[in-house]
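Peer 1: This is what each chain is made of:
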Amino acid sequence: MPGRFAMKVCPDLLSRLSGGVKTVAVTGTNGKTTCSRMMEEAFAESGLNYFANRSGANLMSGITTEFVMNCTLSGRMKKEYAVIECDEAAATKVFRQLKPKVIVVTNLFRDQLDRYGEITHTLANIRQGIGDVPEAVLCLNADCSLTASLADDGLPNPVLWYGVNASAGLKAVPSALSDASHCIHCKAEYEYDYHTYAHLGGFRCPKCGYHRHEPDFAVTKIHCMDERHSEVTLRSPEGEQELSVNLPAGYNLYNAAAAVCASTAMGIPTATAVRSLGRFSCGFGRMENFPLAGGTRMILVKNPAGCSQALEFLSGLQTDIILVCCLNDRGADGTDISWIWDANFELLASFAGRIRKIYVSGDRADDMRLRLKYAGAPDERITVEYSPEKLTDALAGETLPVYILPTYTAMLELRSVIVHRCGGAEFWE
Amino acid sequence: MKLRICHLYPDVLNLYGDGGNIICMQQRLKWRGIDSDVTRVMIGDRLKLSEYDLLFIGGGQDFEQEVLLPDLQSGKDTEIRAAVEDGLTALTICGGYQMLGQYYETYDGVRCDFVGALDLYTVGSRTRMIGNTVFHCTPECGGSTVIGFENHSGKTWLGSTVEPLAKVEVGFGNNGEDKTEGAHYKNVFGSYSHGPMLPKNPAFCDHLLETALTRRYGAVKLEPLDDRAEQTAHDNMFRRLTKHKT
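As you go down the protein sequences, you meet chains A and B in turn. When we follow our numbering, the leftmost residue of the first sequence carries the number 1, and every step to the right adds one. When we follow our numbering, the leftmost residue of the second sequence carries the number 1001, and every step to the right adds one.
I should point out that these hints are in silico values taken from the structure, not numbers from a laboratory. Even for Gly, the Cβ is constructed at its ideal location relative to N, Cα and C. Be a bit skeptical, because a hint or two may be false.
Unchecked claim - These stretches of chain B come out as covered by chain A in the derived footprint (C-beta under 8 Å, 3 or more residues): (1) 1006-1014; (2) 1020-1031; (3) 1187-1200; (4) 1227-1239.
Can you build the whole structure from these sequences, using the hints too?
Peer 2: Here's what the structure looks like:
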């Protein structure tokens, strides 16, 4: 990586390069990559001259590399704009040098506790990072009480809010498990007018009065949601917009609202950002399609909140499917796999009749199999296939639609095998 | 037969897949035709432990543990101490395990009094002890080998009236120094092992269930289940974690 070497020679290199670039930074637990790719679509639609980093390169060194690759030999940047995804633990160091014009914080969920530590610690990291860039416009998820608390913290930054209103009626599966059941300010238990998923929704604290802000960009109505896309009404400062999101599942409504909100903050007309989302396709393991078996879709899962959302999406499908769960425990996945017991695999029992076969794979396939067994999945339909090559061979012989839920390194590995077999873009790493 | 489980503070002590222990106990009972129910006791709720056969407490983050201390000290602590002395079966993990001890002293010397049901205390350290673990339970705790995952910065030291749950083969255990893991006192089993602890370690799970059922119904021996999937998961991890050893 040129970035790592360059940082040794010149520790503030990113700071020197980022000066002339108008940057939007995206951080938070889930949705960073999808939200960034959505914004790229809006930047492209507007004809802006931009570059972006990739999800695997979202630490200081990777971001610096991306800037080095986009400057001339004399150190002048070739592009005017940048869309930069930033790891939430790296925000403390990165924001100071990156000096973003706009910062999106998508949400905060428990994630890889062996690596990130406690959720409040991650929040403190992000807050410290923002503290160095008081002029940056914050685009915050109004429905996440942890994220929203960044605005109530004496930070002088202007704030734009996005969220999903109660009127949208986003169906929430009640969860016994919340990452934020008690008030971040006074520790009293929150009351909720409605939940959208996990701890997101219309929260308020009965003791100190901390509550959800009314969003500037709000999904107010859902007209249709199916296995390919959603059509919704988005209320924005520029009026109501009919928004078609070319990705399924409720959590992508948040990613879409965040992308429109932040694109607008970057100076792109809201209507242009909205239009670009209609033909957006994300790729890279995030709801990515492959011409394998009866159509194969890969949904990256990294933590309980994201995994439960993926399972909820599958529970709403109408067709018979083949389910594949790939669990690795390498550094980038988190070495602690106990989070699979916090994800709502019990939901599988509600549509067990439609799951014709289940494959489990990856370094910790055995543990995934146990999770499914104890969730009440039909044990006789489960096959353990440790290797990605043999798994792909087996899938190639299937005719039903396949849904693959892999962790990060399992996704990289399996994706590469599938792409080799049936074509598609190589991963950008 | 029916096992009545009390899950204390499930809304705040729910880290690291601890709920998996509840799922595991209930399923293994159900597969044998034994009923169970789980009562979730939250902050502010009344706690009457004579109504239960098994108490489960999981781990939490520091923020969440601060939330519940005043509630614990408003009467639940005396109730727990009495029930433990009376022989209630309990499984306590990580933060819940520390909480049953005498106190927690942070790295910078601030002491926080805990329940005091177990003769042990915990001192915060600067390094976190994180990783997969292998430990061997004492004969009194069933004698099985447990595969777990630990993530704690507190070092726990056992007093003279409690025994360790197990001897550490791989990992840190209570404090990374004396090779002990967890604690055993009367029918209380405390451990740093989440992962969660029970699904991959069916022998330990059944020992716990038998202990709880025996107290209420007289000697109970659970019939064996088809544990091939559990055993495979256990054995493959055991091999992976111990293979560097000669």
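Peer 1: Compare the structure with each hint and give your call.
Peer 2: Structure-based check of each hint:
| no. | hint | verdict |
| --- | --- | --- |
| 1 | 1006-1014 | holds (count 4) |
| 2 | 1020-1031 | holds (count 4) |
| 3 | 1187-1200 | holds (count 5) |
| 4 | 1227-1239 | holds (count 6) |
Of the numbered hints listed earlier, not one is contradicted by the structure.
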